[in-house]
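Put chain B on the given structure of chain A with help from the hints.
Protein sequences appear in the order of chains A and B.
Each residue of the first sequence is one higher than the one before, starting from 1 at the first, in this note's numbering.
Each residue of the second sequence is one higher than the one before, starting from 1 at the first, in this note's numbering.
Treat each hint with caution, since some may be false.
Quick list of simulated restraints, FRET-style, between CB atoms [unchecked claim]: (1) G78/A to G63/B: 41 to 49 angstroms; (2) S22/B to F18/A: 38 to 46 angstroms; (3) P40/A to G63/B: 24 to 32 angstroms; (4) I111/A to R44/B: 17 to 25 angstroms.
Covered stretches of chain A (chain B as the covering partner; in silico rule of three or more C-beta atoms under 8 angstroms from a C-beta of chain B) [unchecked claim]: (5) 17–28; (6) 81–87.
Quick caveat, the hints were computed from the structure, so don't treat them as lab data.
Even glycine gets a Cβ: it sits at the ideal position worked out from N, Cα and C.
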Amino acid sequence: GNSVTQMEGPVTLSEEAFLTINCTYTATGYPSLFWYVQYPGEGLQLLLKATKADDKGSNKGFEATYRKETTSFHLEKGSVQVSDSAVYFCALKGNAGGTSYGKLTFGQGTILTVHP
Amino acid sequence: DGGITQSPKYLFRKEGQNVTLSCEQNLNHDAMYWYRQDPGQGLRLIYYSQIVNDFQKGDIAEGYSVSREKKESFPLTVTSAQKNPTAFYLCASSPPNSGNTIYFGEGSWLTVV
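Only chain A is shown next, with the shape it has when bound in the complex (with noise of 0.2 angstroms):
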């Protein structure tokens, strides 16, 4: 089945440090992948995404570049603020089959705290 492997947290860093959030993915056939971004309290927002091979989703500064020879998805910003702390979650929409209404497979979320 589907998976999908964030990097472990909690990730802390100083205002303006750059970012990398590693995500890999397992699935059949050519998934679409997404991060979304859930600030405490509230539900999920979504950051940004890429539908197909070498795609590079981009939002807020935030990058990921959809890659199928590792089967990855990486986020990075080159400076983080004190506003980008919350919870990181990697998910993948599996295309497996002919499914039009893919279902959402979540990482485990990374928190990360950026410090002034």
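Here is chain B on its own, set in the frame of chain A:
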């Protein structure tokens, strides 16, 4: 504004009681989902529905029930058979394309007392 509305935000349940969590969307999405979130475990799929009057079990459906009588609504009932119901519950919806984004509501906190 379009979106997904979950209610209540916080709910307390006594042992042995059934409770129902509401989820309404005005995005005209066909598919709707219920996820459960526990600390350190990410999100797990409880039930999902592709169209009205149809729904399927997810990975952890035991102790839960749903209905989909209207396109806009997908309520989740947490029954007394659910052994460990204290969790954060998230409702989501998506249009019918495998590449399209799944959108989430703000979540409901359920605590068993």
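Evaluation of the provided hints:
1. G78/A to G63/B: 41 to 49 angstroms: Given about 45 angstroms between the Cβ atoms, the range holds.
2. S22/B to F18/A: 38 to 46 angstroms: Hint holds: Cβ distance 42 angstroms, inside 38 to 46 angstroms.
3. P40/A to G63/B: 24 to 32 angstroms: With Cβ atoms ~27 angstroms apart, the hint holds.
4. I111/A to R44/B: 17 to 25 angstroms: 18 angstroms, holds
5. 17–28: violated (count 0)
6. 81–87: violated (count 0)
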